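**Q** Below, each chain spelled out in residue letters.
Protein chains: 2
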Amino acid sequence: MILEAVELCIKAGRSKAFEAAFRQALPLVQSFDGFISYELQRCVDRENHYLLLIRWQTLQAHTEGFRLSPQYQQWKSLLHHFYDPFPNLWHYELVDLDS
Amino acid sequence: MILEAVELCIKAGRSKAFEAAFRQALPLVQSFDGFISYELQRCVDRENHYLLLIRWQTLQAHTEGFRLSPQYQQWKSLLHHFYDPFPNLWHYELVDLDS
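Here the protein sequences line up with chains A and B, keeping their order.
For the first sequence, position 93 matches number 415 in my numbering, and the numbering has no gaps at all.
For the second sequence, position 49 matches number 371 in my numbering, and the numbering has no gaps at all.
Treat the hints as calculated values from the structure; they're not laboratory data.
Hints should not be assumed to be uniformly reliable.
[As the list claims (entries may be wrong)] Distance windows between CB atoms, simulated: (1) A/D367 - B/P349: 44 to 54 Å; (2) B/Q379 - A/Y394: 22 to 32 Å; (3) B/H403 - A/H403: 35 to 45 Å; (4) A/L411 - B/P407: 15 to 25 Å; (5) B/P409 - A/Y405: 15 to 25 Å; (6) B/I358 - A/V328: 17 to 27 Å; (7) B/S399 - A/Y394: 17 to 27 Å; (8) B/G356 - A/Q395: 16 to 26 Å; (9) A/T380 - B/D418: 23 to 33 Å; (10) B/T380 - A/R389: 35 to 45 Å; (11) B/R345 - A/M323: 38 to 48 Å.
Everything numeric in this text was worked out from a predicted model, so none of it was measured.
Glycine included, each C-beta is placed from N, C-alpha and C at the ideal position.
Same shape as in the complex, but just chain A (with noise of 0.2 Å):
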């Protein structure tokens, strides 16, 4: 499983309007291959900051099923117009302690 953590910067003021946009974009990425789970978690510390937590099964399916799709030029036109400075996006996997 992949973690893909991106941190938000949303324009004054359009933080509601992005959460509006966001549960319309939200099916695009949910109706994926792939797509496990999302989180959508607002800063407490931060006015107009958010962490966007996606899993995915691979790496691949975010990378080169999603980013590639044409979902993801809707997704693009709903959401990113809303990102002041535009986020960096990582992947992540978990740490095993156990192992």
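Dock chain B against chain A, hints included.
**A** Just chain B now, with coordinates in the frame of chain A:
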């Protein structure tokens, strides 16, 4: 529930030692009042980077409980010397998209 998220950059060549120290430090936080769960995630895009996610029952369990405790002093001395630069730590709450 509150999510504590912190992106860790570990000094070059120290990742394995950091993971071992983290394993040692973990019971300090796991046994603390208000702790729910943790994930230590290793970045697959950038060497020496991790995302630490800790879930707390309340913000205060972290900021006024753990951070002011003797256990945190032990946590610091086990882990903080691995970080370069010293990380920013943020708290988040889940956005309820159904409301």
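**Q** If a hint holds in the structure, say so; if it doesn't, say that too.
**A** Hints, one by one, checked against the model:
no., hint, in the structure
1, A/D367 - B/P349: 44 to 54 Å, "27 Å, violated"
2, B/Q379 - A/Y394: 22 to 32 Å, "36 Å, violated"
3, B/H403 - A/H403: 35 to 45 Å, "42 Å, holds"
4, A/L411 - B/P407: 15 to 25 Å, "21 Å, holds"
5, B/P409 - A/Y405: 15 to 25 Å, "22 Å, holds"
6, B/I358 - A/V328: 17 to 27 Å, "23 Å, holds"
7, B/S399 - A/Y394: 17 to 27 Å, "45 Å, violated"
8, B/G356 - A/Q395: 16 to 26 Å, "43 Å, violated"
9, A/T380 - B/D418: 23 to 33 Å, "29 Å, holds"
10, B/T380 - A/R389: 35 to 45 Å, "37 Å, holds"
11, B/R345 - A/M323: 38 to 48 Å, "20 Å, violated"
Hints 1, 2, 7, 8, 11, counting from the list given before, are not met by this structure.
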